[in-house]
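Participant: Read top to bottom, the protein sequences are chains Z and W.
Note that the numbering used here gives residue 98 to position 98 of the first sequence, counting from 1, and the numbers run on in steps of one.
Here the numbering used here = 1-based position in the second sequence + 1000.
Since the hints were derived computationally from the structure, they do not count as laboratory data.
Here the structure is a predicted model, which means the values were calculated and not measured.
One or more of the hints may lead you astray.
[What the hints assert, rightly or not] Under 10 Å between C-beta atoms, here's a sample of chain W residues computed to sit facing chain Z: (1) V1004; (2) S1009; (3) F1034; (4) N1041; (5) G1043; (6) F1063; (7) F1067; (8) M1083; (9) S1084; (10) E1088; (11) A1092; (12) I1102; (13) F1103; (14) G1106; (15) R1108; (16) K1110.
[Unchecked claim] For lysine-lysine, the following PhoX-like pairs were computed, each having C-alpha atoms within a straight-line distance of at most 20 Å: (17) Z:K55 - Z:K20; (18) W:K1110 - Z:K41; (19) W:K1049 - W:K1100; (20) Z:K64 - Z:K20; (21) W:K1058 - W:K1068; (22) Z:K14 - Z:K55; (23) W:K1068 - Z:K55; (24) Z:K66 - Z:K14; (25) W:K1049 - Z:K64.
Glycine included, every Cβ here is placed at the ideal spot set by N, Cα and C.
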Amino acid sequence: GAVVSQHPSWVICKSGTSVKIECRSLDFQATTMFWYRQFPKQSLMLMATSNEGSKATYEQGVEKDKFLINHASLTLSTLTVTSAHPEDSSFYICSAAQGASIVNTEAFFGQGTRLTVV
Amino acid sequence: AQSVTQLGSHVSVSEGALVLLRCNYSSSVPPYLFWYVQYPNQGLQLLLKYTTGATLVKGINGFEAEFKKSETSFHLTKPSAHMSDAAEYFCAVRPSGTYKYIFGTGTRLKVLA
């Protein structure tokens, strides 16, 4: 199957700093990428959907200015957590969808990034 | 709004016993259905999926699931549990016409020796 890689796998940062997480589709072009957040012992919640070359669509309740998403190419999307605070500590997972057609399009998930803000 | 319900946040089975993880969805139109497994501090691995066709779907590691439209269910089963099956399992739906996945709250499977 297709491979989606996230970097870094884990990161610790100081409160008030910004952190960038990369999501790459290694062997396919990803028209659409998704960013999810997973709190401890909870399910994944979709944060935003990004399409290459256009602005991301954020889910209700997700702060656009805090979670900056850039999808500059068909193989790379980045999530930047700006001015991070301890409550932003979480597991962030991206997924990438192959192809422009919705029908039978499957999203492939990255291995996740554990962010800890101290 | 679409939703996914996984009954039982924790399930324990003995090694060699049947595994049954329950998933029900709410949708007026049958969505695409998925089961994912997550090991600690790792991403999601697709176990199996149902899109169209045969309602009994076989996946990796001996897992299978049956789509029952009348019951709006997509329960995951495995005849004989193995210690390596201990993990978190997520049921997800993808409504027709969208890219978005809606996940259940997950079921943590514990396998007892």
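Participant: Each hint needs a verdict: does it hold in this structure or not?
Facilitator: For each hint, the structure was consulted:
1. V1004: Holds. Min distance 9 Å.
2. S1009: Holds, about 8 Å.
3. F1034: holds, 9 Å
4. N1041: Since chain Z brings a Cβ to about 6 Å from W:N1041, closer than 10 Å, the hint holds.
5. G1043: Hint holds; W:G1043 Cβ to chain Z Cβ min 4 Å, cut 10 Å.
6. F1063: Because about 16 Å separates W:F1063 from the closest Cβ in chain Z, which is outside the 10 Å limit, the hint is violated.
7. F1067: violated, 16 Å
8. M1083: It is violated, given that the least Cβ distance between W:M1083 and chain Z is near 22 Å, above 10 Å.
9. S1084: violated, 18 Å
10. E1088: Check passed: Cβ of W:E1088 comes within 9 Å of chain Z, closer than 10 Å.
11. A1092: holds, 8 Å
12. I1102: holds, 8 Å
13. F1103: holds, 5 Å
14. G1106: holds, 5 Å
15. R1108: Constraint on W:R1108 satisfied, holds at 8 Å.
16. K1110: Hint on W:K1110: violated, closest Cβ of chain Z at ~14 Å, above 10 Å.
17. Z:K55 - Z:K20: holds, 17 Å
18. W:K1110 - Z:K41: At roughly 15 Å apart (the allowed maximum being 20 Å), Z:K41 and W:K1110 satisfy the hint.
19. W:K1049 - W:K1100: At roughly 15 Å apart (the allowed maximum being 20 Å), W:K1100 and W:K1049 satisfy the hint.
20. Z:K64 - Z:K20: Answer holds: Z:K64 to Z:K20 is near 15 Å, not above 20 Å.
21. W:K1058 - W:K1068: Given pair W:K1058, W:K1068 holds - Cα atoms ~15 Å apart, limit 20 Å.
22. Z:K14 - Z:K55: violated, 28 Å
23. W:K1068 - Z:K55: violated, 38 Å
24. Z:K66 - Z:K14: Holds, because 16 Å separates the two Cα atoms, which is no more than 20 Å.
25. W:K1049 - Z:K64: Violated - the C-alpha atoms of Z:K64 and W:K1049 are around 32 Å apart, more than 20 Å.
Checked against the numbered hints given earlier, the structure breaks hints 6, 7, 8, 9, 16, 22, 23 and 25 and satisfies all the rest.
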